[in-house]
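Residue numbers (my numbering), protein chains in the order written: chain A, 1 to 213; chain B, 1 to 128.
Honestly, the hints are just simulated from the structure, not real lab data. These numbers were taken from a predicted model, which means no experiment stands behind them. Among the clues, some could well be false.
[Stated by the list, open to error] For the chain A half of the interface with chain B, some residues (derived, Cβ under 10 Å), not all of them:
| no. | residue |
| --- | --- |
| 1 | A29 |
| 2 | V43 |
| 3 | L138 |
| 4 | L142 |
[Said to hold, decoys possible] DMTMM-like, lysine to aspartate or glutamate: derived pairs with alpha carbons at most 20 Å apart:
| no. | chain 1 | residue 1 | chain 2 | residue 2 |
| --- | --- | --- | --- | --- |
| 5 | B | K108 | A | D184 |
| 6 | B | K88 | A | D184 |
| 7 | A | K134 | A | D64 |
| 8 | B | K19 | A | E11 |
| 9 | A | K13 | A | E182 |
| 10 | B | K92 | A | E137 |
| 11 | B | K103 | A | E33 |
| 12 | B | K108 | A | E137 |
| 13 | B | K103 | A | D184 |
| 14 | B | K16 | A | E11 |
| 15 | B | K16 | A | D184 |
| 16 | B | K88 | A | D30 |
| 17 | A | K13 | B | D35 |
| 18 | B | K88 | A | E33 |
| 19 | B | K16 | A | E182 |
| 20 | B | K19 | B | D35 |
| 21 | B | K16 | A | D30 |
| 22 | B | K108 | B | E75 |
| 23 | B | K92 | A | D14 |
[To be verified] With beta-carbon atoms standing in for the labels, derived distance ranges:
| no. | chain 1 | residue 1 | chain 2 | residue 2 | range |
| --- | --- | --- | --- | --- | --- |
| 24 | B | P58 | A | S146 | 47 to 57 Å |
| 25 | B | E25 | A | G90 | 51 to 61 Å |
| 26 | B | I27 | A | D113 | 22 to 32 Å |
| 27 | A | P147 | B | K44 | 32 to 42 Å |
| 28 | B | E29 | A | E33 | 20 to 30 Å |
| 29 | A | R76 | B | L47 | 35 to 45 Å |
| 30 | A | T144 | B | L72 | 44 to 54 Å |
| 31 | A | S146 | B | K44 | 48 to 58 Å |
| 32 | B | I27 | A | G90 | 46 to 56 Å |
| 33 | A | R63 | B | K88 | 43 to 53 Å |
| 34 | B | K41 | A | R207 | 42 to 52 Å |
| 35 | B | E91 | A | D196 | 23 to 33 Å |
Heads up, the beta-carbon is just placed ideally off N, CA and C, and yes, glycines get one too.
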Amino acid sequence: MESEICQVTDEEKDILQEIMNIAFGKAAADLAEAINIFVVLSVPNIQLLKGAELPDYLRDELRDFTDISIVEQNFRGKFRGSAFLVFPAGAGKELISLLDTGHEMVFESGSIDILEKETLLEVGNLLIGACVGKMAELLGDLVTYSPPKVVIENHPHEIIPNNLFNSEYTAIVMKTLFSFDERDVSGFLFLVTTHDSVVWLQNSLARFLQQYE
Amino acid sequence: MAKKILIVDDSPISRKMLKSCIPAECIKEIQEAGDGLAGLKVFKEFLPDITFLDLTMPVMDGVQALEEMKKLDPEAVIIVATADVQVKSIEKVMGLGAFHVLKKPPTKESVREILLKVGECRGTEHGI
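Extracted from the complex, chain A is given alone in its bound form (with noise of 0.2 Å):
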């Protein structure tokens, strides 16, 4: 593997921006679809950096939360990389009745804190599935995932280790923030493609556009 930065054209921050646009659109429609929720989408934006840099644009980003819910999901194809779905702590409670688990809801002796993480990682799971799966497809690939993990209520600070990636390494990390309608509820979904990925993807941009040319 170089170690080298690797350059990304505005053109294809563009292409990636109305790409991830469309496949986080795909995946707050199936959200909506199966827990009635409304999504209200933003304009995504993408970055370059390299690894070193990636924590401390994560603290910096998530500078206005005191704590956080963080749902992580690796994806594994020629697409790879990590998703990082950040909620503020406590937006798992505001979620759970909008989940029809087919359990009683009984919030006593500790159960609200397993409900609220399988509430998150429920959300978690279909959004960063649908979304990357959706960029995959457009991209011509298609990936594998890790099972989704969900750490509550840390600092952003003690949650993001220093070593995210190889800090001589390139990511393209992309975020898009999104709130859910009549819910107090708001987030980020990251992704952040490895070293690895930065050419096959500049490649597959180039075959997307192609369609368009």
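Chain A is fixed; fit chain B onto it per the hints.
Frame of chain A, contents of chain B only:
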């Protein structure tokens, strides 16, 4: 007869993709705008026959722009071209008078199909 077409979308790539899907024989002139407010300004001056309008945009979003455009011209043919394919979003814009919703990414087929529908409603071919 070819038509005047307005594309309102904050993404230059998205506008390029859509333009490439519109049959050449349908185009008399195309103008573009990068947000809802700019789109509204062009809409007033250009008087397009068909407007393609994105929803998620800075400055003024597509829903607001759609409302304003329909106030200016209740008969305006406005096709919402969006990645927001939630049922509630589609119902909302259709309720506000959008002619149709074009799901992103556009294809030559999906655009042609919609233009044919415009044509059927206007009694012409290909919306022209």
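Outcome of the hint check:
1. A29: holds, 5 Å
2. V43: holds, 6 Å
3. L138: holds, 7 Å
4. L142: violated, 18 Å
5. K108/B to D184/A: violated, 40 Å
6. K88/B to D184/A: Holds, at about 19 Å.
7. K134/A to D64/A: At roughly 30 Å apart (the allowed maximum being 20 Å), D64/A and K134/A break the hint.
8. K19/B to E11/A: At roughly 16 Å apart (the allowed maximum being 20 Å), E11/A and K19/B satisfy the hint.
9. K13/A to E182/A: violated, 32 Å
10. K92/B to E137/A: The given pair, whose Cα atoms are some 28 Å apart, is violated under the 20 Å limit.
11. K103/B to E33/A: holds, 17 Å
12. K108/B to E137/A: Holds - the C-alpha atoms of E137/A and K108/B are around 19 Å apart, at most 20 Å.
13. K103/B to D184/A: violated, 28 Å
14. K16/B to E11/A: holds, 11 Å
15. K16/B to D184/A: Violated, because 37 Å separates the two Cα atoms, which is more than 20 Å.
16. K88/B to D30/A: holds, 12 Å
17. K13/A to D35/B: holds, 19 Å
18. K88/B to E33/A: With Cα atoms ~10 Å apart, K88/B and E33/A stay inside 20 Å; holds.
19. K16/B to E182/A: This hinted pair is violated, its Cα atoms lying about 35 Å apart.
20. K19/B to D35/B: holds, 17 Å
21. K16/B to D30/A: Violated - the C-alpha atoms of D30/A and K16/B are around 27 Å apart, more than 20 Å.
22. K108/B to E75/B: violated, 25 Å
23. K92/B to D14/A: Violated, because 28 Å separates the two Cα atoms, which is more than 20 Å.
24. P58/B to S146/A: 47 to 57 Å: Given a distance of about 35 Å, which is not inside 47 to 57 Å, the answer is violated.
25. E25/B to G90/A: 51 to 61 Å: holds, 57 Å
26. I27/B to D113/A: 22 to 32 Å: violated, 59 Å
27. P147/A to K44/B: 32 to 42 Å: Roughly 54 Å apart at Cβ, these two residues miss the hinted range, so it is violated.
28. E29/B to E33/A: 20 to 30 Å: With Cβ atoms ~39 Å apart, the hint is violated.
29. R76/A to L47/B: 35 to 45 Å: violated, 52 Å
30. T144/A to L72/B: 44 to 54 Å: 50 Å Cβ-Cβ, so the 44 to 54 Å window holds.
31. S146/A to K44/B: 48 to 58 Å: Given about 52 Å between the Cβ atoms, the range holds.
32. I27/B to G90/A: 46 to 56 Å: Between I27/B and G90/A, where Cβ atoms are some 52 Å apart, the hint holds.
33. R63/A to K88/B: 43 to 53 Å: Because 32 Å falls outside the window, the suggested range is violated.
34. K41/B to R207/A: 42 to 52 Å: Distance hint for K41/B, R207/A is violated at roughly 36 Å.
35. E91/B to D196/A: 23 to 33 Å: Violated - the Cβ-Cβ distance for E91/B and D196/A, about 42 Å, lies outside 23 to 33 Å.
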